[in-house]
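Student: Chains as they are written, first to last, in this note's numbering: chain R, 1 to 174; chain G, 1 to 105; chain C, 1 to 359.
To be clear, the hints were calculated from the coordinates, so they are not data collected in a lab. Predicted, not measured: the structure shown is a model, and the values here were computed from it. There are no misleading hints in this set.
Listed below are several chain C residues computed to face chain R (Cβ distance under 10 Å; list not exhaustive):
| no. | residue |
| --- | --- |
| 1 | Tyr20 |
| 2 | Ile105 |
| 3 | Asn132 |
| 4 | Leu136 |
| 5 | Val150 |
| 6 | Leu173 |
Footprint (simulated), chain R over chain C, 3 or more residues, beta carbon under 8 Å:
| no. | segment |
| --- | --- |
| 7 | 141-149 |
| 8 | 160-168 |
All residues carry an ideal CB built from backbone N, CA and C; glycine is no exception.
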Amino acid sequence: MGEAIAFWILSALIVVAALGVVTLRNLFHCALCLGLVLFGVAGIFVLNGAEFLAGVQVLIYVGATLVIILFAVMLSENITGERIRVVSYNRPLGLLAALGFLGVVLFLAVSQTSLPPHTSSVKDPSLQVLTDVPNNIAAFGTLLLTKFIVPFEFASIFLLVAMIGAIVVARMAE
Amino acid sequence: MSITLTHYLVLSAILFAIGVYGVLTRRNAIALLMGVELMLNAVNINLVAMNRFLQPDWRIVTGQIFAGFIIVLAAAEAAVGFALVIAIYRNLDRINVDEVNILKW
Amino acid sequence: MTLMELCRSVAQWLGVPAEYRDAATLILLALADAFILFNFVMLSVLVLIYVFRKLIGFIQARLGPRYTGPRGILQTVADALKLLTKEDIIPLAADKVTFNLAPLIVFLPALLVYVVIPFGDPKSGLQVRDLNIGILYIAAITSITVIGIVTAGWASGNKWAVLGAMRSGAQLLSYEVPMTLAFLVPVLLAGSLRLSDIVNSQGEWFWQWNAFRLDYLGLTFIAFLVYFICALAETNQTPFDLPEAESELVAGYHVEYSGMKFAIFFLAEFGNTIAISAIATHLFLGGWKAPAPFLPDTGWWSLFWFFAKVSTLVFLIIWIRGTYPRVRIDQVMELGWKFLLPVGLLCVTGVGLLVAVRP
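Construct the complete structure from the given sequences, taking the supplied hints into account.
Tutor: This is how it looks when you write it as structure tokens:
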């Protein structure tokens, strides 16, 4: 009951704001709409028992990525100059492609939902560390540092590379 | 009516399709990257919902970890992507992706 | 009678059918919590502004407000009334919707932070929600403020506002990183993100609190200092009040704002000042605990100890504000990235190693 109310409110918010992101003509308004979408998705995460991920979503996506986007918008406008008008091109083709994709995926999602449940359990040797975790946040951390340690380390190296790359590219003009 | 996996899948598909529309129709590089962010978020909804509905054991949060990696990669993508946008804007004074047609200057 | 029971009886009195009564109770409870929090923040900000002006006055060898009410207590109320009755000016070049939206985006996080902050022992019901992601929630919610500030600067359609917003955005974004690192130290020691667990992981005596404990080589105290400096920068307090540097930028991102919208920015700033002091209290200064085990710290006493610690920190912030000059923007960035970030990393690594090595 509670989940249904929350789900419908959040999905309405997400869809309307996402439409705003792709149709509004003012780039800054698009970015703010993207912020609403990100918040809605964080709410969906909470509904699905992923509170930690919801916090990370707001902290990283809204607090960092969205601010970078807003900065990019402000830097690419002349500081007090006219607002950028973003125009959409090839609308019919884009609409056709998006609707075609949506049709196929919706058909699959509605007709093929008898997906098999996962067969992995905490009896598996790689998942035995999860036998007595107190909550889902501890489970997240434990799994991240045992089974997924290699992707985790890889992600940190990747972030370092991306950071250095971003600095180099942004300062190239100087 | 209770909410099932299908509801989340449909929401995610709609969000992804909106993202596709944005990427296909926009020419402004920043707006284009925003469309990509929409698509990444749609994928994350899918992963988290599937983890909840198809994995009976709440302790196995593989889907959430996958979504976490996507958030990390999206942050890196945004940093590099927008650094490129700013560099291109500074050097060529234009921001529409189809007008940036030289590899060297 | 707890608030929950009160809400339940109100739902009953309203004639909500039995099957919806639980949902109605929860909605009423949320509304009541929001009402209490809002009034708490407003009242404490009202008091804080008066105390702030008096203290700054004394520090600068002035008297501060004197004439409105006994000893000038009503000065803040008078100012609030003045701001409320002022004309609400929207500049011609401004983007109307976002111009009106920006103060809200800044103000909401300042209010939402209080949801997880315990005002005393949570066992006495002095906390709104004890979320399991407590400290992550705080870090996430406070990071929204930047968006409001950038929006305010952009929407004003004024180059000083845009420059102020750029500076402020860069400053807030830079200091979020070492602040989150400093958050990690108490989290590592408690093994939990929940604020009540973090407070309970600190000992009974004051030298067992995270800020003063010596069994981690003083790294926890360094983390406390890192957090405190970052918190000053996050709330635009002196010496980091660059975004509103009057002498250089007119007033920074809120130069075009007047009347109540201007006041909302200031409400948010003072609300944040109390919030960061409360967070520092819980993470590093033992929360609602008395400094010694023989002093009472249950029930209403926990409220007293909590507010005593918060007031001390707020006093410290005002003292710093009255004493130190403003730093330059390049110095702010250098301090954040070249000093606080490595020190924060050192603290997290050191404490993490010690936690891992010790049984």
